[in-house]
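Just so you know, the protein sequences line up as chains A and B, in that order. Heads up, the first sequence is in the working numbering, so the first residue is 43 and it goes up one at a time. Heads up, the second sequence is in the working numbering, so the first residue is 1461 and it goes up one at a time.
Among the hints, erroneous ones may be present.
[As the list claims (entries may be wrong)] In silico DMTMM-like pairs for lysine to aspartate or glutamate, Cα to Cα no more than 25 angstroms straight-line: (1) 1606/B with 58/A; (2) 1484/B with 257/A; (3) 1606/B with 1573/B; (4) 1768/B with 1573/B; (5) 160/A with 129/A; (6) 1606/B with 252/A; (7) 412/A with 1524/B.
[To be verified] Here chain B is said to cover these stretches of chain A; the calculated rule only asks that three of the stretch's residues, wherever they fall, bring their Cβ under 8 angstroms from a Cβ of chain B: (8) 45-53; (9) 58-69; (10) 261-269; (11) 327-337.
No lab work stands behind these hints: they were computed from the structure. We put the beta carbon where it would ideally sit given N, CA and C, even for glycine.
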Amino acid sequence: MKRFTFHRLWAIVLKEFIQMRRDRVTFGMMVGIPMMQLLLFGFAINSDPKHLPTAIRAADQGPFARTLVAALKQSSYFTFVREAATEEEARRLLQVGDVQFVINIPEDFSRRLLRGEKPTLLIEADATDPAATGPALSAVRAIADSVLDRDLAGPLARLRAKSGAIQLQVHAHYNPENITQYNVVPGLMGVVLTMTMVVITALAITRERERGTMENLLATPVRPTEVMVGKILPYIAVGYVQVTLILLAAHFIFGVPMLGSLPLLYAVALLFIAANLAVGITFSTLASNQLQAVQMAFFFFLPSILLSGFMFPFRGMPEWAQWVGSCLPNTHFLRIVRGILLKGNGLMEIAPHLWPLGVFLLVAMTIGVKRYRQTLD
Amino acid sequence: MSTASPASELAIDVTGVTKRFGPKTVVDAIDLQVRRGEIYGFLGPNGSGKTTFIRMLCGLLTPDAGSGTCLGYDVLRQQAEIKRHVGYMTQRFSYYEDLTIRENLDFIARIYDIPDRAAAVQQSLERLGLQNRSRQLAGQLSGGWKQRLALAACLIHQPQLLLLDEPTAGVDPKARRDFWDEIHRLAASGLTVLITTHYMDEAERCHRLAYLAYGHLLAQGTVGDVIASAHLTTWSVSGPDLPRVASALRERNGAEQIVAFGNTLHVSGRDAPKLAAAIAAVRDDRHQWTQIHPGLEDVFISLMDGAKDNFS
Ligand SMILES: Nc1ncnc2c1ncn2[C@@H]1O[C@H](COP(=O)(O)OP(=O)(O)OP(=O)(O)O)[C@@H](O)[C@H]1O
Ligand SMILES: [Mg+2]
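Next up, chain A with everything else stripped away, as it sits in the complex (with noise of 0.2 angstroms):
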């Protein structure tokens, strides 16, 4: 008797898509808002973020090295948080997201230095997100010439040649020409879902509510789980409307690269709608009218949009900011869909971000199978 069961979930997921189908405005916002952000941040926005985790692979010690690497780790751009032994080590980190950087020093490099060769100072850059990379590079330049001056005084200044002692040779990864629209196409895509799967899912039990249907739906031996996914099925169905259009227009409109696996991608996705879905339904658990819906989904959608890494790099928020966007589950959605379609990541370079997004919907869900009332008192 006290079952779950199928027949009756089955009559509220028609019910919700005969609903939504009639609800033209609200149907033509669900393909109109995705579409109208992608004209809208298909521009970057940019500033300057600084304390990028940065590792070191020093083949040599010697002391120009140590001066340069003295002077780097002076400036606000870099943090220096780890050492790299290998060239392998060293990729694997960048692929995984740990550090933004890797500065390599080539083993000859003091020696090439009092030559006079010019050796070269390599150092790779997660550019996947370019408003993080950019300023930073170009301090290195500074920083590398300034130091070098300095330490090539006396009768090794005529080692400072106009065009600096040695060359800075920097490889871009992932997003090799600096394209912002490589960035914030896939981020858009956490960012739309975050929007319309809340706010629908927010009004759609208190609509019930509101028009008096909760009323009689409570009476019926309808149980609140069914009345909960049966909401949550249609929507998970649009949600991949939306995700499918993006990538669309992520690759014939802004021919994003899509290295990593479309089929992982979508079950990623899935995950992530479901925890907005959540987030919704325990909304309107809450609120008492739609209005009051709606504006709960705006409070959670602004630290969504604003500290997940969408709006700024994520690395160059305060660390207060940077604690509260990894509480969110957009933050984690945008560090796998880039990591999927830019660095072409696969379940277990994601894995780091997955395990959240799953805690975040079995608190969500439970909060909301909880707070739905089976009674009206």
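For chain A, the structure is supplied; the task is to place chain B with the ligands on it using the hints.
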């Protein structure tokens, strides 16, 4: 559903049902017995707790105190079973306005998992004369048609008990009469109906009724019982210048209630000799005075005034 409800004479049998909202006791220790196949009227002024009581019967609200059964199921613990066998028509229209009539009925039929759904929906459309409007959106229907839809929807799972909360509010007299004919047909076929209303003519069409005020059950029984239990004496007076008669009566004790009915006044009181004395004092030959049987309305107004003194 295999457990048939225990055979019992009573469809509703509750005692001491109480509901509080904050400090306010909205339903106060109500006992109610309704027999199977009976049309039971539930009357009372606005805010007297009728809707709240009905919501407790069908499991939408949990009573703060009290116990009893509804269709043989415990009202506190077997709410799921009760929901299966009760049809509840809410005071406010509560079907989906953006679904058509047929879609609404189909939705409800699915929720109750009715075996031959298509046939059941078609049958209920036909029985209520809705088949020509089945594709119309519920939100575009007039009040009378909405009411028909709501009745059709709460009958679709063949409930044993109907709880109707002011089903005829805002419905024209012809449609009301048709509605009541339908209710009597349903009751004749064994359905129990608990119905709230503010109309006296409807109250008189119930087998038995109860009068509620400020959460207290003040009277119950057949129309005759209720009228008799009020011990009211009523006089009718007609003639010129009735407002002057009314104000003269108001200055004396005994005439507790003076109500204008068209060209007559109904003057009532619970103490017959006192009332007679008051009337004798203002009486003259320009007016006709006759003692009449008090109507339900006279009784209800008297009950309500009495309750006001006691409970509020
Ligand atoms: N959820 C609630 N929270 C607080 N108070 C409530 C709630 N529901 C009802 N009430 C109060 O309880 C009282 C009884 O309300 P109820 O709706 O049961 O009256 P009613 O007899 O149905 O009135 P009407 O004839 O106007 O429909 C009212 O004073 C109402 O304000
Ligand atoms: Mg009411």
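Against the structure, the hints come out as follows:
| no. | hint | in the structure |
| --- | --- | --- |
| 1 | 1606/B with 58/A | 21 angstroms, holds |
| 2 | 1484/B with 257/A | 22 angstroms, holds |
| 3 | 1606/B with 1573/B | 23 angstroms, holds |
| 4 | 1768/B with 1573/B | 47 angstroms, violated |
| 5 | 160/A with 129/A | 22 angstroms, holds |
| 6 | 1606/B with 252/A | 18 angstroms, holds |
| 7 | 412/A with 1524/B | 21 angstroms, holds |
| 8 | 45-53 | holds (count 5) |
| 9 | 58-69 | holds (count 4) |
| 10 | 261-269 | holds (count 4) |
| 11 | 327-337 | violated (count 0) |
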